[in-house]
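> So you can see what is in the structure, the chains are spelled out below.
6 protein chains.
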Amino acid sequence: MPKIIAAFGEVMMRLQVPGYDLLSQGNTLNYTFSGTGVNVISALSRYGHTGYLISRLPSNSLGDAAAAYLRKLGVDSTFIHRGGNYLGMYFLENGFGARSSRVTYSNRLESSFNTAPESEYDYANIASRIDAVHFCGITLAMNDGVRRHMKSLAQAVKEHGGTVIFDCNYRPSLWGEEGYTKAKPHYEDMLKLADIVIMNEKDALFTLGLETEKIEREDQLIDLIPVVAKRYHIQVIAGTHRAVNHNNTHTLRGFLFKNDHFVFSDELTFSVYDRIGAGDAFASGIIHGEMEGLNPNQTVQFAAVAGMLAHTVSGDTPMASEADILRAMTESVGDVER
Amino acid sequence: MPKIIAAFGEVMMRLQVPGYDLLSQGNTLNYTFSGTGVNVISALSRYGHTGYLISRLPSNSLGDAAAAYLRKLGVDSTFIHRGGNYLGMYFLENGFGARSSRVTYSNRLESSFNTAPESEYDYANIASRIDAVHFCGITLAMNDGVRRHMKSLAQAVKEHGGTVIFDCNYRPSLWGEEGYTKAKPHYEDMLKLADIVIMNEKDALFTLGLETEKIEREDQLIDLIPVVAKRYHIQVIAGTHRAVNHNNTHTLRGFLFKNDHFVFSDELTFSVYDRIGAGDAFASGIIHGEMEGLNPNQTVQFAAVAGMLAHTVSGDTPMASEADILRAMTESVGDVER
Amino acid sequence: MPKIIAAFGEVMMRLQVPGYDLLSQGNTLNYTFSGTGVNVISALSRYGHTGYLISRLPSNSLGDAAAAYLRKLGVDSTFIHRGGNYLGMYFLENGFGARSSRVTYSNRLESSFNTAPESEYDYANIASRIDAVHFCGITLAMNDGVRRHMKSLAQAVKEHGGTVIFDCNYRPSLWGEEGYTKAKPHYEDMLKLADIVIMNEKDALFTLGLETEKIEREDQLIDLIPVVAKRYHIQVIAGTHRAVNHNNTHTLRGFLFKNDHFVFSDELTFSVYDRIGAGDAFASGIIHGEMEGLNPNQTVQFAAVAGMLAHTVSGDTPMASEADILRAMTESVGDVER
Amino acid sequence: MPKIIAAFGEVMMRLQVPGYDLLSQGNTLNYTFSGTGVNVISALSRYGHTGYLISRLPSNSLGDAAAAYLRKLGVDSTFIHRGGNYLGMYFLENGFGARSSRVTYSNRLESSFNTAPESEYDYANIASRIDAVHFCGITLAMNDGVRRHMKSLAQAVKEHGGTVIFDCNYRPSLWGEEGYTKAKPHYEDMLKLADIVIMNEKDALFTLGLETEKIEREDQLIDLIPVVAKRYHIQVIAGTHRAVNHNNTHTLRGFLFKNDHFVFSDELTFSVYDRIGAGDAFASGIIHGEMEGLNPNQTVQFAAVAGMLAHTVSGDTPMASEADILRAMTESVGDVER
Amino acid sequence: MPKIIAAFGEVMMRLQVPGYDLLSQGNTLNYTFSGTGVNVISALSRYGHTGYLISRLPSNSLGDAAAAYLRKLGVDSTFIHRGGNYLGMYFLENGFGARSSRVTYSNRLESSFNTAPESEYDYANIASRIDAVHFCGITLAMNDGVRRHMKSLAQAVKEHGGTVIFDCNYRPSLWGEEGYTKAKPHYEDMLKLADIVIMNEKDALFTLGLETEKIEREDQLIDLIPVVAKRYHIQVIAGTHRAVNHNNTHTLRGFLFKNDHFVFSDELTFSVYDRIGAGDAFASGIIHGEMEGLNPNQTVQFAAVAGMLAHTVSGDTPMASEADILRAMTESVGDVER
Amino acid sequence: MPKIIAAFGEVMMRLQVPGYDLLSQGNTLNYTFSGTGVNVISALSRYGHTGYLISRLPSNSLGDAAAAYLRKLGVDSTFIHRGGNYLGMYFLENGFGARSSRVTYSNRLESSFNTAPESEYDYANIASRIDAVHFCGITLAMNDGVRRHMKSLAQAVKEHGGTVIFDCNYRPSLWGEEGYTKAKPHYEDMLKLADIVIMNEKDALFTLGLETEKIEREDQLIDLIPVVAKRYHIQVIAGTHRAVNHNNTHTLRGFLFKNDHFVFSDELTFSVYDRIGAGDAFASGIIHGEMEGLNPNQTVQFAAVAGMLAHTVSGDTPMASEADILRAMTESVGDVER
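Protein chains in written order, with our numbering: chain P, 1 to 338; chain H, 339 to 676; chain C, 677 to 1014; chain S, 1015 to 1352; chain B, 1353 to 1690; chain W, 1691 to 2028.
Calculated directly from the structure, the hints in this document are not laboratory data. Glycine residues also receive a C-beta, built at the ideal position from the N, C-alpha and C atoms. Treat the hints with care, since some could be wrong.
[To be verified] Estimated spans, in silico, between C-beta atoms of each pair:
1) P/Leu109 - B/Ser1525: 53 to 59 angstroms
2) W/Asn1987 - B/Arg1679: 55 to 61 angstroms
3) W/Ile1905 - P/Phe206: 42 to 48 angstroms
4) H/Gly483 - S/Leu1340: 45 to 51 angstroms
5) H/Asp460 - C/Asp798: 39 to 45 angstroms
6) C/Asp798 - H/Gly483: 49 to 55 angstroms
7) W/Thr1768 - H/Glu605: 55 to 61 angstroms
8) B/Ser1525 - C/Ser997: 43 to 49 angstroms
9) H/Asp460 - S/Leu1340: 41 to 47 angstroms
10) S/Glu1132 - H/Gly483: 40 to 46 angstroms
[As the list claims (entries may be wrong)] Looking from chain W toward chain P, a few residues come up when the C-beta cut is under 10 angstroms (computed):
11) Gly1716
12) His1951
13) Phe1954
14) Ala2013
15) Leu2016
16) Thr2020
17) Val2026
[Unchecked claim] Chain P regions said to be covered by chain B (calculated; three or more residues, Cβ under 8 angstroms):
18) 27-33
19) 93-104
20) 159-166
21) 215-229
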C-alpha cells in the first residue's frame, strides 16, 4: 500500500558541462535541480508513494525554476517554503576513462535552506501527515541551525509513530579538519532516532570509531554492522559496496541487516553513464521494500537494481518506475523495445 | 552492372531524444525520415544502383520535409505520390547499458501510405521500369488495402521478369493477438511470389508453423530453411543470427542459402551506436550481391559487414558506400584516416 | 481569495522547429505540451489559484512526459486519467515578417482524450470539489463522445453551484464543410450552461447566425454581444480585437460586457515573440478578475496585459505571475531588472 | 508548362556562426551548400521545373555532403561531376542593427569547380537536353578556364535553340584593381550570347562604361537599359533597386524591360532575416515568368515577391513554392496558418 | 601611442538562458565571464593598448575557466591572483519587448575577490608599471576590505603620476537602505583621487547630494557637472543619457566636460541585442580618447559609437575594434560586407 | 624552474561534426584552432612554462578568432604575425567502433603561414629570448619557404645556446609519391640541428633508410635508435608504440633513449575519446622532463601519462595540468572528485 513519505534536505542546482568538456573548454551548461532528499522522494513517487520535500527555496527566478523542476520530478511541494536569497549550486565536469569527474561547489552556507530561521517549519504538523521521513548526513554537516531542524523533526516524527530513515553519507570535505570528531555526536543523535539507516563499515570505523581486527571489507561489515544496530537500536541497516573498474563500468553489491540477519543482493556489473545520485536510488529501494513489507531478499535486490539503473540515466535523480526495476530484476539486457 | 531497384513501403518520421535522456527529461528531438524500403533503397544507391521508393506522403510540410530528406538519402522520388493527411511517426529513447532503448509509435493506420486508394499506383508501368522490387513484412501487417497493393505489384514485377525480394520482418505488436495465424496466409502469398527472401528459423517456426526436433538455433536453421525454399520455390534465403552482449556490443552472423547450399559470414562482434535499421543494411547487401552476381560467400560477407557498419552511424538508414564496406571487409580497425 | 478551478480539455504535444527554419530545413524540434485548458489552468495557478486539468493521457512514454510537463506548469494532475494509446500533436514552423507561421496537425481523433470511454470521468465528484470549470470550442469540435463529456460535466458543475466558463474559439478547419451549421446546436448548448463566455462579434455572426446592419467591427460588437448575453443568460462576455501589423507587432484591445455595460482595455501594441496561446492568457485574466471580484475595468485591463505578456514568452502557455502583470499594468518598459 | 533549366556555377560551403556571435565568440558553425546557380535552380524546381546544376565537386566527404544537400534542395545531379580536391567556402557572421554582416572567404581558386579541366563538360550533350541555361558574373570573375567553359556552353545552348540567361552580379573584390576594365570584354561576350539579363544601371555605367547625364538612379535606369538591350540584342533585362533601412528592413522594387517597355513591381518593404541569396530568388522569378509566358507585370511582381520571401528564411537558397509566392502576392500578412 | 592600462575589479560568471526562455522553462545556460573592469580592459586591448586586470580568482575549475576566458578577451593576466574558493555569478533571463530582462545574483560577498586579504596586492609595483587605472562604483559597494584596496591602489597610481579613472556606476540594490548616505563618503574619496570620472547628473543629485532648480535632465547636467568637477578637482567628466524606446530600440547621447566646456555626441538610436555592459564600452571610448589625446568632440563621438556597437553583440564585453568604431562613425548601415 | 619555450608551426582550424554523424548527415560543426606547435606549447604552459608560438595568421575574422583561441589555450602571441589571406582547415568526422575517424583537409598551401615572405621572422631576436624551440615534420612537408624559415630559426637558436626539439611526424599524404626520398635530406638537416627528437623505428627505416634484420618493432627500435642518435649527434630520442584495440581502447608505451640507455614507460591501456593531438601531449611531457631535469624514468612516465590523458578530452590540444598528470601517475581511476 502506498505510503506518504517526506524528506528533509537541501535543493541544489546542478550545472553540468555537456559531453566531456572541461569548464575552460565549453560555453554552455545543462542545469537541473537535485539533492539527496529530492532524489529519494522522486524515486519513491515513481514507485507509487506520495512524496513531500521539506525544504526552503529563494523567492526569485532560481527558486521558481527549482520548484517547477521538483514538481516535474513528482515531488509534492506543500512543505517547500520560499524565502532567503540563494540556492546552493555545484558544477560538474564529466570524467572519461582515466580522467575522473570533477565537482566544484558554490558557497552553499548562505543558501535559503541553510539560513532558514528557527521557526521556519511546523514539525508537529508535518509529522502528523506523513508515514516516514528521510534525512541525510550531508545536511547534518551544514550548521547548527539545520542540525536543530533535523533533530527536532526526527523527534516529532518518532513521537507520531512514523519511521525515521537516516543515510549516513559522510562527506569529508564538508566536515573539514578533524571531521570525524566533530561529526560523531551529531551522527549518534541521528542514529538513536533512526529506524532505517543507510551506511557501511566505513561509517562504523571512521565516524563512530568502532574497531575490528578484520581486514577484508566484507568481514569488517559483518563484524561491525550488528554492533551498530544493537548499540543504537536500529531495525534495518543497509548499504552497498562499490568498485570502480577500468572500463567505465562499476560493480555494486547491496546488503541489508535486519533481525540479526544479513542478506545480500547479486553482485551487479554495468556500464556507467551518470554516477551521481545512484546511492539515493539504492536508498529509495530499501525504503520502498520496508514500507511495502517486502522480504529482505526482495528489498535488497530491488534496491541494488534501482541503484544500477540510476547509473544509466542522466541527472542525479533516478527515473526508473517500479515496473522498470522489476523487469530489470528478471530479464537480461534486451534489444530495442517496440 | 548497376540495376534499377524499387521498394514499396511506408516512410516514417523518427523523433529521437538526443543523447540518453528520456522523453520526460528532454525538450528537443532529432528528426529524420526512414522506413525499411527507404533504408534498403538508400543503401543500394550508395552501391551504385538507381533506387526508387514507391510510397505516398501527405501534401503538407511534413510530406515536403520527408520528400526532401529522401532525396538527400539518394532515393529517386519519381514514384512517391502525394496525398492524404498524415505521416506515421515513432519516438525513440536511447537505452544505455542495462537500460533498453524504447520506441513509442503514433497512430500510423491513418497515414497517407496506409490510406492510399486502390487506384493509386500504376503497377504495370512501375514493373516495366525496374529490375527488382523489395517488400517487407511490416507493410504486410498494416491493412487489406496495403496488402492488395503489395501483392498486385509483386505479381506485376514477376510478370515483367523482375526479381521479387521479401523481408519477413515479423513484428508481434503489429499483428496483435493470434498474430501468427492472421499473418500466415499473407506471408505465404508473398513467399510464393518471392525470389529472394530475408528470414531465419523463427519465421519458419512461428509464422509458417514448420516443425523441427532440433534445439539449437543453428541446427533449426539448417533443418528448416531448405524446407521453406523448396515449398515456396525461393531461389535465395538469407538472414542473420544476432546476440546482444552485456558490454554494449552485439554479435552478428549472416547466412545465405542458395542452390541447396548454406554459406555463412564471419561472426562479427562490434560496438553498437544505433541499432535500428541495421537489418535493412544486411538485406541491401544480399540484394547487391545477387544483383551484381557475386558468389554466395562474397555476398553474405558483404551483407554482414554492411550490417555491422550500419550499427556505427546514427539514424535508421545505412550510410556506408560500397568502398567503405569493401575496406572494412579486408582491413582491421585503423587509426584516424587522414 | 484563491479558488479551485478546473479545465476540461485535450493535451497536445507541440513540436516546433527552432528559430525560423522550415521542417524541410531543420533536423531538431523543441517539444512542449499544451492545450487551451492547460494554458488557462497554468496561468491561474500562477495567480495563486489551485488548478486541475480534467483530461486523459496515454499510458506510455509520451503520456509520462506530458504528465511531468503539466506538473511543472503548476497543473494539479489529480483528474488526469491514463489510458488509450495516442497523444494529439502539432508541428509549428515559425513565420518571419512577410511569411506566416504554419501549423501542421497529426491525427488527433484517435488520441487518448478523444477516445475516452463514456464512464471515464466522475462528473459529480469533480463538480463537488471545484469552484469553476473551463471549456473551449476546440474540444467541442472533436466528436460526440467528447461533447457528451463536456455537457455532462458543465451540467454537473452548474448543479453544484459552480461557475461554467466557455471560450467559443471556433476553428474552421476542425468543423469542415458547413461547419457553422454543424457547430451551432452544440455552441448553443454550451452557451446556455455558461456563466462566463469568451467570444466576439464574429462568433455571434457566423456561429450563432445573428445579424446586424453595422459594418465596423466595434459597432457590430456593441450591437450583438448584448443580444447574445440576453438570449443565453450569460453573466459575463469578454473577448478581444486583434490587428496584425507589418512590423512584427500586434495590436490588441479587450472588452468585457457585464450588467448591460461594456468596458474596454487600453489598446496595446507590442512586439510578438510567440503568438500561440495568447488568447488563453486573456481568458485566464478574465476568469481571475471574476473569481477575485475585481471591477470590470480592472479585470479587462489585467486580462489584456496578461494577453500581451503571453506574446513575449516562448511556448503556448502563459508564464507571467500576478505580480508581473500588475507591474506591466503600471510601469513603462524598463531597462534590465537587477 | 514546366521546362528543363540548367545553371552553370560553383557550389560553395556556407559556414555561419549561429545567432549574432562573432567567429571569435562562438564555437559552432551551421553549414549549408549554395551558390548562385544552386539557388536559382532550387527555386525553379519549387515552381515545378526540372533543374540541373552543371558543376564539379571534390571526391571526398565534403563533396558527398554537398551533393546530398543539393539533392535535398531539389537539384538534379546528373551533370554534377566529381573530381579535384577542394570546395570553395565562406564564413558568415550575422550583423545586427548598426553592425553589418561579414563574409570571409577561403581560397576558392583551387576548388574542384575552378580547376575543372578543359574537356570536363560535354557542352553539346547538355545543350541538347535543356530549354535554358543560367550563368552569373561571379563565375565570370574566376579564371580563364571557367570563362571558357561558360562561353562554350552558352554558345552550345544558343546553337541548340535554348535560352541563355546571364546575371551580371559584379563583385568588386573578385576582380581586383582596375576590375571594370578587366571585366568588360568578358561581360560583353556574355551579353552578346544572352537572351535574358539580370542587371541594373550600375552595371551599364561601371562595367560597360555607358554614360548618362541623369542623376537619380531611376532616371539613369530608364536612360541606359534600353541602350544595353539594343546594343547587345537582349530580349529581356530585369533587376532591382534595393534600399537598406535603419530598422532591420529593406525596401525592394523590381523592374523588367522587354519589347521597349519598362514595367515595375510594387515597392516592397519588409523585415530581413537572411539577406544572402535573395537576389537569386528575384532572378528565379524572372526566369519562371519568361519560361511560363506570363505577362511582364505578372513576371516582375512574382519575382519581387519571390525576392522578398527569400529574405525571410535562413540560408542562401529560396524555399518558397509557387503557391507560397502567389499567396503572398494577393494577401496581407496573416495570423498563424492552421 | 598605445598605453598600459589596468582595471581593478571583480570577475563575474554570467549564466544566461539562451533565447528568450525563463529559467523555469529552459535547461541550458550559456556562460561567459565579465565585469566592469574586464569589459573596459578588453575594449582597450582592441584599440591597441595593453590591458591588465587586477583581481582574484578561485584556485579551482571555475577560476581556470575564468582566467582562460579573460585571456581570450585580450586581458593580460599578470596581476590576476589565484586564491579563495568562490566566484561571483549572475543569471540573466533575456526580456523581449514588453517584458524586461531579469538578473538574479548568487552570493558574491564570499567571492575570492571580495575576500582578498589585506596584503594581497603590491600597489607600488603595479602603479609603477601602468599609465592609468580604472575603478568602478560597483566594487566600492562591496565591503571595507575591497574599498581599502581600491583607495590604496588609486593613491599609489596617483603618486606614480598615473591617471585615475572612476566610473560612479551606483547600484541601489548593492548599497541597501539609506544607500546614498552610506555611499557618499566613499564616492567622495574616490572622486578626490580621480582624473577622469564617468557619471551624470543623477550621481551629483543623489549620491553627492548636490541641488539644482532645473527640471530637465540636460539642464540639470549642465548645472551640476561643473560644480562636481570643480569641487573634486576632476579633469574630465563624461557620461550618457539613455532612453528605452518601445520598439526594442534605445536612444543614447554622450557628453564630455573638460576645461570648462561641454561637448555632446550625436543622439544615436539603434536596435538592442544585448544591453548589459554597453556602459563600459562608452567608458572605454572616453579613456581611449583621453589616453590618445583626441579632441573632446572626437572622444565623445568615439565613445558613443563604441557604446552603440556594444548593444549589437552578445555578452557583456564590447567586441568592436578601433577600426569597426571608426567605420561606424562615418558610414551608414550597410549591406553585407564581402 | 620554468623555461621559455617556443614552437614554430601552422595554426589549423579544426571543424568537427558533433557526435558521430557524417558530414552528409549533420548541419553543424564545432570549431577550434590547433596545430602541433599549438598543442605542445599549450601543454607546456599548463606545466608552468612560458610558451610562444611563432606563426602567421590572416588579417581577418578567422585570424582574430584563432588568435583569441590561442590566448585562451595559454599561448603567448608576441611572435604571431598577421598577414596573408587564408587559414589552413581540416574537417573531422568521428569514427565509432568498426568505423574509423576521417579527416578531410582544405587547401593549406595558400595559408598565411605557408606563404609568409622570406623576411617575415626575426630569427636572432626570437632566438635571444627563448630557452628552446620545437619543430615538427608536418611543417617540413609544406614548401621551400617554410623549410627555409625552419632551418634558419633552428640554426639561430642553436647559435644562441638554446635547445632544438624536432618531432619527425612523417605524414605520407603530405609528401606525395616517392615521399621518403624527397623528405630525407630535409629530415637530415633538422636532425643535425636537433638536441631532442621525437621519432621511432619507422622513421629510421623509411625516412632515413636505415636497415635492420630484426622483425619485432621493439627489437628494431633498440637496434636503430642508437644509430640515429650517434649519426646525427642527438642527445635525447623519445617516442611511442601504439596499438589500436577493438573495444575503443588504445595501448601506449613510451621510450626514451639518452646517454646510450633506453628507458620505457608502463604499457598503458585506456578508453579513447579524442585521439587527435595525443602525440603532442607525449612530446610536451618529454620536453618538460628534459627542461626540468627529471630523470629519464620520470620523464618517459610523465610523457606517457600526459599522452594517455590527452585521449580523454575533446580537441587536439592537451588540457591536463602538471598536477593532473602527477595524480594520474600515482592513483588508480577514482570515483567522482568532490
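> Hint by hint, note whether the structure agrees.
These are the hints, each one checked on the structure:
no.: 1; hint: P/Leu109 - B/Ser1525: 53 to 59 angstroms; in the structure: violated, 22 angstroms
no.: 2; hint: W/Asn1987 - B/Arg1679: 55 to 61 angstroms; in the structure: holds, 59 angstroms
no.: 3; hint: W/Ile1905 - P/Phe206: 42 to 48 angstroms; in the structure: violated, 56 angstroms
no.: 4; hint: H/Gly483 - S/Leu1340: 45 to 51 angstroms; in the structure: violated, 35 angstroms
no.: 5; hint: H/Asp460 - C/Asp798: 39 to 45 angstroms; in the structure: violated, 55 angstroms
no.: 6; hint: C/Asp798 - H/Gly483: 49 to 55 angstroms; in the structure: violated, 41 angstroms
no.: 7; hint: W/Thr1768 - H/Glu605: 55 to 61 angstroms; in the structure: holds, 59 angstroms
no.: 8; hint: B/Ser1525 - C/Ser997: 43 to 49 angstroms; in the structure: violated, 20 angstroms
no.: 9; hint: H/Asp460 - S/Leu1340: 41 to 47 angstroms; in the structure: violated, 30 angstroms
no.: 10; hint: S/Glu1132 - H/Gly483: 40 to 46 angstroms; in the structure: violated, 56 angstroms
no.: 11; hint: Gly1716; in the structure: violated, 15 angstroms
no.: 12; hint: His1951; in the structure: violated, 28 angstroms
no.: 13; hint: Phe1954; in the structure: violated, 19 angstroms
no.: 14; hint: Ala2013; in the structure: violated, 12 angstroms
no.: 15; hint: Leu2016; in the structure: violated, 14 angstroms
no.: 16; hint: Thr2020; in the structure: violated, 13 angstroms
no.: 17; hint: Val2026; in the structure: holds, 5 angstroms
no.: 18; hint: 27-33; in the structure: holds (count 6)
no.: 19; hint: 93-104; in the structure: holds (count 3)
no.: 20; hint: 159-166; in the structure: violated (count 0)
no.: 21; hint: 215-229; in the structure: violated (count 0)
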